[in-house]
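Build the full structure now, drawing on both the sequences and the hints.
Okay, here's what each chain looks like letter by letter:
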Amino acid sequence: MEFVNTFIKAAFIENLVLSYFLGMCSFLAVSKSVKTAFGLGLAVIFVLAITMPINWLISTYLLSEEGLFGMDLTFLRFILFIAVIASMVQLVEMVVEKYSPSLYSALGIFLPLITVNCAILGGSLFMISRELTLSNSVAFGLGGGFGWFLAIVALAAIREKMRYSNVPPALRGLGMAFILTGLMGIAFMSLMGIDPAAFVK
Amino acid sequence: MAETAVQEKEPIIQFGKKERKLLTDPLNDNNPITVQVLGICSALAVTSLVYPSLVMAIAVTLVTAFSNLFTSMIRNYIPKQVRMIVQLVIIAALVTVVELILKYYNYPIYKQLSVYIGLIITNCIVMGRLEAFAMANKPWRSFLDGLGNGLGYGAILVIVGIIREIFGKGTLFAGSPIELKIIGPNAEYLVNTTESVLFGWYSNNNLMVLPAAAMFIIGILIWIQRSYNTKLVDVS
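Residue numbers (my numbering), protein chains in the order written: chain A, 2 to 202; chain B, 23 to 258.
Note that these hints are calculated values from the structure, not bench results.
The C-beta atom is built at its ideal place from N, Cα and C for all residues, glycine as well.
Heads up, some of the hints might be wrong.
[To be verified] According to the in silico footprint, chain B covers these stretches of chain A (three or more CB under 8 Å from chain B):
1) 80-91
2) 166-176
3) 179-189
Pasting the structure below:
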């Protein structure tokens with residue numbers, strides 16, 4: 002139950018992109034069409050769900066004082082985490098290139114840039130600061146990725162419709178995307194009152 | 023003697039028109055946040071108060087400037103396939119240094135910024151400038167470019183921070199040694215001295231404290247900027 006709890010919390014109540022602003026760069030830049038947003042969202046779910054448990058193992062068994070080296074190595078955290086993330090992204094890139102070349106070319110530079118998608122590293126850092134357990138970190142990774150996926154697909158859908166609206170020229174594109182994201186953030190805040198524990202029972 | 027010899031084969035450090043442009047360009051025409059859309063991630067969440075945004079701005083400026091400098095120094099020795107890892111290691115090392123310094127000198131603000139200090143690593147502006155500029159330019163130029171971009175980024179951060187703090191909390195620089203109360207019934211400065219309470223009726227706008235407000239403010243900043251700087255307008 003704890004697992005479902007954390008999943009719901011990470012996906013809806015503490016949505017990574019809409020309440021913490023993580024992963025904003027690609028969120029705003031790749032949300033022009035639903036199709037590419039969908040692909041990027043799936044890639045983010047995958048990378049987030051894989052890297053969180055790996056980083057959990059690293060920080061528990063290698064970097065902590067009770068770990069393999071018997072000393073406090075937490076200052077190496079950033080470098081190791083980012084190395085794990087970079088190699089996972091490399092893996093995803095190879096898989097996507099092999100099985101879906103059209104998606105690969107549509108995502109372009111933003112596929113390798115998942116490495117520097119703040120949502121991924123941010124997920125791992127939140128995991129550390131909230132002291133999650135291993136199974137909870139998997140749930141947090143899956144839920145956070147799912148929330149990110151939902152948000153980017155929703156924004157892409159709105160922006161596709163937005164093309165037919167009469168927006169002032171100076172606000173067109175980026176400016177409008179910012180304001181839309183703000184509105185979506187407020188809409189997501191209405192989920193904040195939900196208590197997942199009561200919901201799951 | 024030595025000085026003239028250095029002069030002849032182009033000094034390493036010079037400051038002419040081109041260099042000045044590197045510094046001023048990111049402030050408006052090529053602003054990291056409002057034009058390049060880089061580095062929004064780790065920034066917006068810290069802008070509900072001015073003081074943390076100022077600290078964040080300084081930290082990011084230092085990291086962009088020095089990572090640009092170091093990457094540019096070794097740019098000819100980095101194999102192309104592993105350049106991302108090399109760049110990330112440089113950035114991560116610098117961010118670790120910044121984190122440790124901040125933890126030592128100002129623990130409360132370190133606590134307040136929490137994961138967002140670590141997230142400077144994945145701040146797209148650092149990586150973006152390394153890829154776009156430092157990999158192709160000499161160290162001094164790259165350093166200036168990093169400095170300029172950090173400043174352009176910091177400027178937006180501080181503007182958003184000021185707006186959000188004044189209207190959301192009625193204060194300025196809360197948490198720092200020079201906290202000012204600007205607006206509202208308890209204000210002490212500017213228009214609101216005890217004799218003339220001009221804005222005493224004002225009560226804090228809680229929307230401004232929410233992260234969503236930062237999105238609105240930046241959206242409106244982009245709107246204002248593009249109205250004056252029409253060459254930036256999106257044509258599509």
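Status of the hints after comparison with the structure:
1. 80-91: holds (count 4)
2. 166-176: holds (count 8)
3. 179-189: holds (count 7)
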